[in-house]
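K.L.:
Those sequence lines, one after another, are chains A and B. My numbering numbers the first residue of the first sequence as -10 and each following residue consecutively. My numbering numbers the first residue of the second sequence as -10 and each following residue consecutively.
Among these hints, one or two may not hold up.
Since the list gives no way to pick out one identical chain from another, each pair is judged satisfied if it fits inside one copy or across any two copies.
Unchecked claim - Keeping only pairs whose Cα atoms sit at most 25 Å apart, straight-line, the calculated DSS-like set for lysine-lysine is:
| id | residue 1 | residue 2 |
| --- | --- | --- |
| 1 | LYS335 | LYS236 |
| 2 | LYS319 | LYS335 |
| 3 | LYS330 | LYS236 |
| 4 | LYS319 | LYS236 |
| 5 | LYS335 | LYS369 |
Simulated from the structure, these hints should not be mistaken for lab results. This structure is a prediction, so every number in the text was calculated from the model and none was measured.
Chain residues, written in single-letter form:
Number of protein chains: 2
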Amino acid sequence: MSAQAPHNTLLIPGPIEFDDAVLQSMSHYAESHVAPGFVKVFGETLTLVRKLFQSTNPTAQPFIISGSGTLGWDLVSANLIERGENALVLNTGYFGDSFGQCLETYGANVTHLKAPIGDRTPLEEVEAALKEKSYKLITLTHVDTSTGVLSDVKGVAQLVRRVSPDTLVVVDGVCSVGSEEIAFDEWDLDAVLTASQKAIGCPPGLSIVMTSGRAIQAAQSRKTPPGAYYASIANWLPIMQNYENNKPSYFATPPTQLVHALHTTLTQITADVPGRFAIHTEVSDKVKAAATELGLKQLAARPECQAHGMTAMYLPEGLVPADVLPGLLKRGVIFAAGLHKDIATKYIRFGHMGVSVTDPKLGHVDNALAALKEALAEAKQAKAL
Amino acid sequence: MSAQAPHNTLLIPGPIEFDDAVLQSMSHYAESHVAPGFVKVFGETLTLVRKLFQSTNPTAQPFIISGSGTLGWDLVSANLIERGENALVLNTGYFGDSFGQCLETYGANVTHLKAPIGDRTPLEEVEAALKEKSYKLITLTHVDTSTGVLSDVKGVAQLVRRVSPDTLVVVDGVCSVGSEEIAFDEWDLDAVLTASQKAIGCPPGLSIVMTSGRAIQAAQSRKTPPGAYYASIANWLPIMQNYENNKPSYFATPPTQLVHALHTTLTQITADVPGRFAIHTEVSDKVKAAATELGLKQLAARPECQAHGMTAMYLPEGLVPADVLPGLLKRGVIFAAGLHKDIATKYIRFGHMGVSVTDPKLGHVDNALAALKEALAEAKQAKAL
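This is chain A alone, in the form it adopts within the complex (with noise of 0.2 Å):
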């Protein structure tokens, strides 16, 4: 039994559903945010970060910083790549559009690879590329939540270090830190950044950056000063560093209740990191072999392509999803619109992750798969199909 008022099951691709000792976090009493109290929760949830990536290496730094995912954006864009310098967007959906916004902003001359929709760039594609110019920095997104395409980080990271070894790799990690694999080190990634609210399984409202020391020397042997104040790793860099040696340190106030609930939801999550991206992809698989079932094709074909924690499928000719997600409220079971502008108005999303997959007792999934069910006949009957 939840804790928390009874309400519809969010199944959509983040936020998600909270488990309730993490909700309760959120209602933490007043703290001062240099109290030895919280700088040692700030502290041990920077550890934790580590751990999430699965990163033993001391020159390797997270941030978590007040903010929305795409915050992440800035805190590259404006630390990592400088005015004139290339940076090549690997774009699988409306986020790698966004990212490429936001570099631009900051004075990057940006090459976009467009994979169509639903797949990746091949990495053919993207050596060539690389062996074309000289890029400060390349970014995919890992999992583009308007498609459900999954990259190949691993593959890209292999071919950057072999091609371009000096380039960095940029991971949009918003909708796959904590449910799709990312070994940092190993890998040899430099940035890779996300949200709370997805797999994470927390509220949102922090913006979480794990960078390499490549990274970090970047930003600090730039020719020009950083291009933002609040996004600047060097106005953070200090603060992180003396929050995880248990200093209190300030220069903006942190969201402490956010952090506590971070903490709460990461502990859980790090206590078995591979057991975390297994029950994902077992869960995922289910969903997937269900969706085949009633009919429904995905928007990321190959199975590779696919995430874990979300599943975008395209609905049957003539249905749009006005004809179906009320179905799904009526029972319970909140999915979401299409996103890619494209063709919006042709599928619907599922999300997957975190408690609603970790805890099988709730039944968020099974629930789910058959609400799905029930609505698509009844939308198909309602528009005779």
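Based on these hints, arrange chain B on the given structure of chain A.
P.N.:
Showing chain B alone in chain A's frame:
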């Protein structure tokens, strides 16, 4: 009786103690940021921000963004002024220095008018500076959290309109909004930036910025693109307008739980805005009289320069904060040490804002004054002063 776990009373100049209902809002169950229920709450919260600022001008525009108060500086600096334009900073302490650094990050030419510690810049000096060159904007810290100095916002705004009418008047209200009177329209201000965790009485994690039609026009008629992406007014403006018109909209995921908490506290505050300021003044007068009785001088010597939500007090000669703060803590009360770097070891800060002021039954202020008296006596005795 509070529903909160037993804890020491937090009486620093932010974060502050929370009303039970506000804290309960923090553990709201998971919601989509574009679901009708949340869209309504977010829209209403924006309208409540207008009420808080006593603003009815439809061209004025509130922003509520996931971030610390510091992010408000970026919102001003990246949108309301362009590279090479002049900014005049009325500097009353730590926060004037930092706002100046933020403006410089985005390319402004910054002139500081530094007031002596504990005082304001005289209006004549401001007038002379405004006549010397053309300033795109002027900033002032309404209450400098480091010193407790209250600026004359109304007087400065009047002066600017008389002497340099096109100069934008920007107020850092992080430590004033909710405890000091601000009549946004009547005083003809252009931007007031604040945060959720001080006199507004919400947990930290929201940057709140109120802007005038003149400010929005300045942002929209820039010759160069905005200097930031996450802190871009162009990116947020349609989102805020849509939410207030009850339409879902997406740029970055808003921190849904914090927005609920802000909605709860603003509903309480805006039930009687003048009453809110009156009780903060009344309790502040009482605190300051008690401090004087204990022989403690304020950093802000002149009464018209004294904030009403906090009191910064010099300790008796021979005592440092570490002599007194543990004695307070022993009695269940948390004050803050000094922050202004030139004199940080010479004074302490007592925050009296929000529920600790508006609900006398809690006994927070009376207990704190009694604890201060005892802790001071103890410290003097220990040092044989």
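K.L.:
Hint by hint, say whether it matches the structure.
P.N.:
Now the hints, each set against the structure:
1. Taking CA atoms no more than 25 Å apart as the test, LYS335 paired with LYS236 passes between copies only; the shortest distance there is 21 Å, against 52 Å inside one copy.
2. When the C-alpha separation of LYS319 and LYS335 is checked against a cutoff of 25 Å, the pair qualifies only within one copy, where the shortest distance is 21 Å, while the shortest distance between copies is 63 Å.
3. In the homo-oligomer, the alpha carbons of LYS330 and LYS236 lie at most 25 Å apart only across protomers (18 Å), although the nearest pairing inside one protomer, at 47 Å, exceeds that limit.
4. For a Cα distance limit of 25 Å, the shortest separation of LYS319 from LYS236 across copies, 22 Å, qualifies, whereas the shortest one inside one copy, 51 Å, does not.
5. In this homomeric assembly, LYS335 and LYS369 come within 25 Å of each other (Cα to Cα) only inside a single copy, at 14 Å, whereas the closest approach across copies is 75 Å.
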